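K.L.:
Given chain A, put chain B in place with the hints provided.
There are 2 protein chains.
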Amino acid sequence: MITKQSVIGIVGLGVLGGSYAQALCSAGYESIIGFDIDSEALQYALEKGWIQEGTGDPERASECDLLIFCLYPGVFVKWIREHRNSLKHGVLITDVTGVKRAVLNQIEEELPENAEFIACHPMAGRESKGIRFADAGRFQNANFIIVPTDKNTPEAIETMRQLAQDMGFRRIACLSAEEHDRMISFLSQLTHVIAVSLMNANDNTNLAEYTGDSFRDLTRIARINEDMWPELFVLNKDFLIQDIDDFIREMESFREMIQNGDTDGMKQKMILSTERRKMFDGEGTK
Amino acid sequence: MITKQSVIGIVGLGVLGGSYAQALCSAGYESIIGFDIDSEALQYALEKGWIQEGTGDPERASECDLLIFCLYPGVFVKWIREHRNSLKHGVLITDVTGVKRAVLNQIEEELPENAEFIACHPMAGRESKGIRFADAGRFQNANFIIVPTDKNTPEAIETMRQLAQDMGFRRIACLSAEEHDRMISFLSQLTHVIAVSLMNANDNTNLAEYTGDSFRDLTRIARINEDMWPELFVLNKDFLIQDIDDFIREMESFREMIQNGDTDGMKQKMILSTERRKMFDGEGTK
Numbered sequence: 000m001i002t003k004q005s006v007i008g009i010v011g012l013g014v015l016g017g018s019y020a021q022a023l024c025s026a027g028y029e030s031i032i033g034f035d036i037d038s039e040a041l042q043y044a045l046e047k048g049w050i051q052e053g054t055g056d057p058e059r060a061s062e063c064d065l066l067i068f069c070l071y072p073g074v075f076v077k078w079i080r081e082h083r084n085s086l087k088h089g090v091l092i093t094d095v096t097g098v099k100r101a102v103l104n105q106i107e108e109e110l111p112e113n114a115e116f117i118a119c120h121p122m123a124g125r126e127s128k129g130i131r132f133a134d135a136g137r138f139q140n141a142n143f144i145i146v147p148t149d150k151n152t153p154e155a156i157e158t159m160r161q162l163a164q165d166m167g168f169r170r171i172a173c174l175s176a177e178e179h180d181r182m183i184s185f186l187s188q189l190t191h192v193i194a195v196s197l198m199n200a201n202d203n204t205n206l207a208e209y210t211g212d213s214f215r216d217l218t219r220i221a222r223i224n225e226d227m228w229p230e231l232f233v234l235n236k237d238f239l240i241q242d243i244d245d246f247i248r249e250m251e252s253f254r255e256m257i258q259n260g261d262t263d264g265m266k267q268k269m270i271l272s273t274e275r276r277k278m279f280d281g282e283g284t285k
Numbered sequence: 000m001i002t003k004q005s006v007i008g009i010v011g012l013g014v015l016g017g018s019y020a021q022a023l024c025s026a027g028y029e030s031i032i033g034f035d036i037d038s039e040a041l042q043y044a045l046e047k048g049w050i051q052e053g054t055g056d057p058e059r060a061s062e063c064d065l066l067i068f069c070l071y072p073g074v075f076v077k078w079i080r081e082h083r084n085s086l087k088h089g090v091l092i093t094d095v096t097g098v099k100r101a102v103l104n105q106i107e108e109e110l111p112e113n114a115e116f117i118a119c120h121p122m123a124g125r126e127s128k129g130i131r132f133a134d135a136g137r138f139q140n141a142n143f144i145i146v147p148t149d150k151n152t153p154e155a156i157e158t159m160r161q162l163a164q165d166m167g168f169r170r171i172a173c174l175s176a177e178e179h180d181r182m183i184s185f186l187s188q189l190t191h192v193i194a195v196s197l198m199n200a201n202d203n204t205n206l207a208e209y210t211g212d213s214f215r216d217l218t219r220i221a222r223i224n225e226d227m228w229p230e231l232f233v234l235n236k237d238f239l240i241q242d243i244d245d246f247i248r249e250m251e252s253f254r255e256m257i258q259n260g261d262t263d264g265m266k267q268k269m270i271l272s273t274e275r276r277k278m279f280d281g282e283g284t285k
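Chains as they are written, first to last, in numbering that gives the first Met the number 0: chain A, 0 to 285; chain B, 0 to 285.
Isolated chain A, as found in the complex (with noise of 0.2 angstroms):
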């Protein structure tokens, strides 16, 4: 069981990996190791008192009761892959990768036996990079999502259950990789790619100027991290492709009632989102 005095380790001190460094101290957990290759990261992390050592040699994971991962899925897995014989037996591994079944069915080849991994993904993500962004805060607004299989122990999901008690997240779930997929697919990476198309579909930076609330509702995430997310895009192709015909072929629906001016059709199409937008507002009934 991890306690407040076990030994954590944060791989990857970027925004995420810093607030939860910030969040852990702040909860009160004594012995927090940051790993990043940035020596500044490890400084701005010191500095600000949310770890009590940073170093930049893997090696010293071994040293760890629980690993917490927050870095991109790919360099995730090579780093279990690379460094699968410096771990303490019985170390708990966590992570924060935005996609589950794909990072599930990796780690848990390369995981030696001694090690348990239980997959996480606190729905807090911003689209500045850097610690200098991390911002415990932002939890107390957030989901956090367990992901359990059939190879977890009860003890590791009430073990991550108490961290994000810990660290002020105001809704904890467990869902299966295959529902967290689905999940993400259409609330999160869907929308995603729907501001990045709209952005790029003409240059009409010239119409800055008159853009109401509606337009930059719907850009705002169109400003987005490149480096990590087309990673998570390919790892759930599956669903996100569906999820994008799906919706391509409702906008052709909506489209071919323009064309024809079929009003009705259209006021239909309204009141049914309206509806269910309403649901998403704590209003309305199924």
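Since the hints were derived computationally from the structure, they do not count as laboratory data. Note that the coordinates shown come from a computational prediction; the quantities given were computed from them, not determined experimentally. Built from N, CA and C at the ideal position, the CB exists for glycine as well. Treat the hints loosely; a few may be bogus.
Computed cross-link-like contacts, DSSO-like style, restricted to lysine-lysine with a CA-CA straight-line distance of at most 30 angstroms [unchecked claim]:
no.	chain 1	residue 1	chain 2	residue 2
1	A	Lys236	B	Lys277
2	B	Lys3	B	Lys128
3	A	Lys277	B	Lys128
4	A	Lys277	A	Lys87
5	A	Lys128	B	Lys277
6	B	Lys266	A	Lys77
7	A	Lys128	A	Lys236
8	B	Lys150	B	Lys236
9	B	Lys236	A	Lys266
10	B	Lys3	B	Lys150
11	B	Lys87	B	Lys47
12	A	Lys236	B	Lys266
13	A	Lys266	B	Lys87
14	A	Lys128	B	Lys266
15	A	Lys87	A	Lys3
16	B	Lys236	A	Lys277
17	B	Lys3	B	Lys47
18	B	Lys3	A	Lys266
Going by beta-carbon spacing under 8 angstroms, a handful of chain A positions derived as facing chain B [claimed, not checked]:
no.	residue
19	Arg100
20	Leu103
21	Gln105
22	Ile156
23	Arg160
24	Gln164
25	Val192
26	Arg215
27	Leu217
28	Glu225
29	Val233
30	Arg254
31	Met265
32	Ile270
P.N.:
Frame of chain A, contents of chain B only:
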């Protein structure tokens, strides 16, 4: 010239007509007549002190120096057709309609010689219907577009500029009907079609509890006034269908990159969308 003492008629006391009445009243216009077939709306505006008189009788328009039509486009054109002989000699007529080419064509056909129509679009829409949602405060963050034609006098343009300024609009600009309709197609109509289609593509209301900011932002405008938008879409369908097609083409191109695992291609698209989006936040350079 319209002064604070001129008789101003506001035809249609819905959310926008009510906001006009409130804003003009606050700005010191002393003689405002509200026209509506809904006596409750008239009563509400009278109680608020936003209008001096309320009537359901269109013939009373003959008293007005300025008539502001806050009706859906088809109803507006029908009103002018039926009551063109009740207009005061030299009356100035304006509107709030969200599309301009079609309305200008139809109104200019119906209008008698002794009246001048100056088309305007206060870009302060909201989804809620009815005078109870009127709120002139929303004008303060909004654009006011004047759409003059070669039939308009400089006095009419100046009058509307003054009126918009008095109502507190942030920025007042002149555009041609074509420029206006092109801009509205991309910034407003396309975004509404996207939001409605995203909401309707699948029944994902079961995911409501996992929703983060991005999905909420993208679908906020999927709660939509189904009585107004279909008519506006059809009246602007040439531009809107072109924008929908460009957007779908861009989505399909992105889809192919996901399918092919082309992370470099996606990265380039994201760099472009980030750059462009910065312009809308007042950052970046062309």
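K.L.:
Each hint: holds or not?
P.N.:
Taking the hints in turn, this is what the structure says about them:
1. For the hint linking lysine 236(A) to lysine 277(B), the alpha-carbon distance of about 28 angstroms falls within 30 angstroms, and the restraint holds.
2. Distance restraint check for lysine 3(B) and lysine 128(B): the Cα-Cα separation of roughly 28 angstroms lies within the 30 angstroms cut-off, and the hinted pair is therefore satisfied.
3. Restraint check for lysine 277(A) and lysine 128(B): the C-alpha separation of about 16 angstroms stays at or below 30 angstroms, so the hint holds.
4. Using a Cα cut-off of 30 angstroms, the hinted pair lysine 277(A) and lysine 87(A) is violated, with the two alpha carbons roughly 49 angstroms apart.
5. The straight-line distance between the Cα atoms of lysine 128(A) and lysine 277(B) is roughly 16 angstroms, inside the 30 angstroms bound, and the hint therefore holds.
6. Under the criterion of a C-alpha separation no larger than 30 angstroms, the hint pairing lysine 266(B) with lysine 77(A) is consistent with the structure, at around 21 angstroms.
7. Under the criterion of a C-alpha separation no larger than 30 angstroms, the hint pairing lysine 128(A) with lysine 236(A) is consistent with the structure, at around 24 angstroms.
8. Restraint check for lysine 150(B) and lysine 236(B): the C-alpha separation of about 25 angstroms stays at or below 30 angstroms, so the hint holds.
9. The hinted pair formed by lysine 236(B) and lysine 266(A) meets the criterion: a straight-line CA distance of about 16 angstroms does not exceed 30 angstroms.
10. Restraint check for lysine 3(B) and lysine 150(B): satisfied, since their Cα atoms lie roughly 25 angstroms apart, inside the 30 angstroms limit.
11. Using a Cα cut-off of 30 angstroms, the hinted pair lysine 87(B) and lysine 47(B) holds, with the two alpha carbons roughly 28 angstroms apart.
12. A hinted pair counts as satisfied when its Cα atoms are at most 30 angstroms apart, and lysine 236(A) with lysine 266(B) qualifies at roughly 16 angstroms.
13. For the suggested pair lysine 266(A) and lysine 87(B), the alpha carbons sit about 37 angstroms apart, so the restraint of at most 30 angstroms is broken.
14. Taken as a hint, the lysine 128(A) and lysine 266(B) pair is honoured in the structure, with Cα atoms around 15 angstroms apart against an allowance of 30 angstroms.
15. Restraint check: the Cα-Cα separation between lysine 87(A) and lysine 3(A) comes to about 18 angstroms, which is no more than 30 angstroms; the hinted pair holds.
16. The straight-line distance between the Cα atoms of lysine 236(B) and lysine 277(A) is roughly 28 angstroms, inside the 30 angstroms bound, and the hint therefore holds.
17. At roughly 19 angstroms between alpha-carbon atoms, lysine 3(B) and lysine 47(B) fall within 30 angstroms of each other, so this suggested pair holds.
18. Only pairs whose Cα atoms come within 30 angstroms are accepted, and lysine 3(B) paired with lysine 266(A) is rejected, the gap being roughly 41 angstroms.
19. Given hint, arginine 100(A) at the interface with chain B, is violated; its Cβ is 16 angstroms from that chain's nearest Cβ, farther than 8 angstroms.
20. Proximity of leucine 103(A) to chain B is violated relative to the hint, the smallest CB-CB distance being about 19 angstroms (cut-off 8 angstroms).
21. Taking 8 angstroms as the C-beta cut-off, the interface hint given for glutamine 105(A) is violated, the closest approach to chain B being about 16 angstroms.
22. Interface restraint check: isoleucine 156(A) against chain B, minimum CB-CB distance 18 angstroms, threshold 8 angstroms, status violated.
23. Because the smallest distance between the Cβ of arginine 160(A) and any Cβ of chain B comes to about 17 angstroms, over 8 angstroms, the interface hint for this residue is violated.
24. About 17 angstroms separates the beta-carbon of glutamine 164(A) from the nearest beta-carbon of chain B, more than 8 angstroms, and the hint is not met.
25. Because the smallest distance between the Cβ of valine 192(A) and any Cβ of chain B comes to about 6 angstroms, under 8 angstroms, the interface hint for this residue holds.
26. The closest approach between the C-beta of arginine 215(A) and any C-beta of chain B is roughly 6 angstroms, which is under the 8 angstroms cut-off, so the hint is satisfied.
27. Interface hint status for leucine 217(A): upheld, as the beta-carbon distance to the closest one in chain B is roughly 5 angstroms, under 8 angstroms.
28. The beta carbon of glutamate 225(A) is positioned within 8 angstroms of a beta carbon in chain B (closest approach about 4 angstroms), and the interface hint is therefore held.
29. About 5 angstroms separates the beta-carbon of valine 233(A) from the nearest beta-carbon of chain B, less than 8 angstroms, and the hint is met.
30. Taking 8 angstroms as the C-beta contact cut-off toward chain B, the hint placing arginine 254(A) at the interface holds, the least distance being around 5 angstroms.
31. Because the smallest distance between the Cβ of methionine 265(A) and any Cβ of chain B comes to about 4 angstroms, under 8 angstroms, the interface hint for this residue holds.
32. For isoleucine 270(A), the interface hint holds, since its Cβ comes within 8 angstroms of a Cβ in chain B; the closest pair sits about 5 angstroms apart.
Going through the hint list in order, the structure does not satisfy hints 4, 13, 18, 19, 20, 21, 22, 23 and 24.
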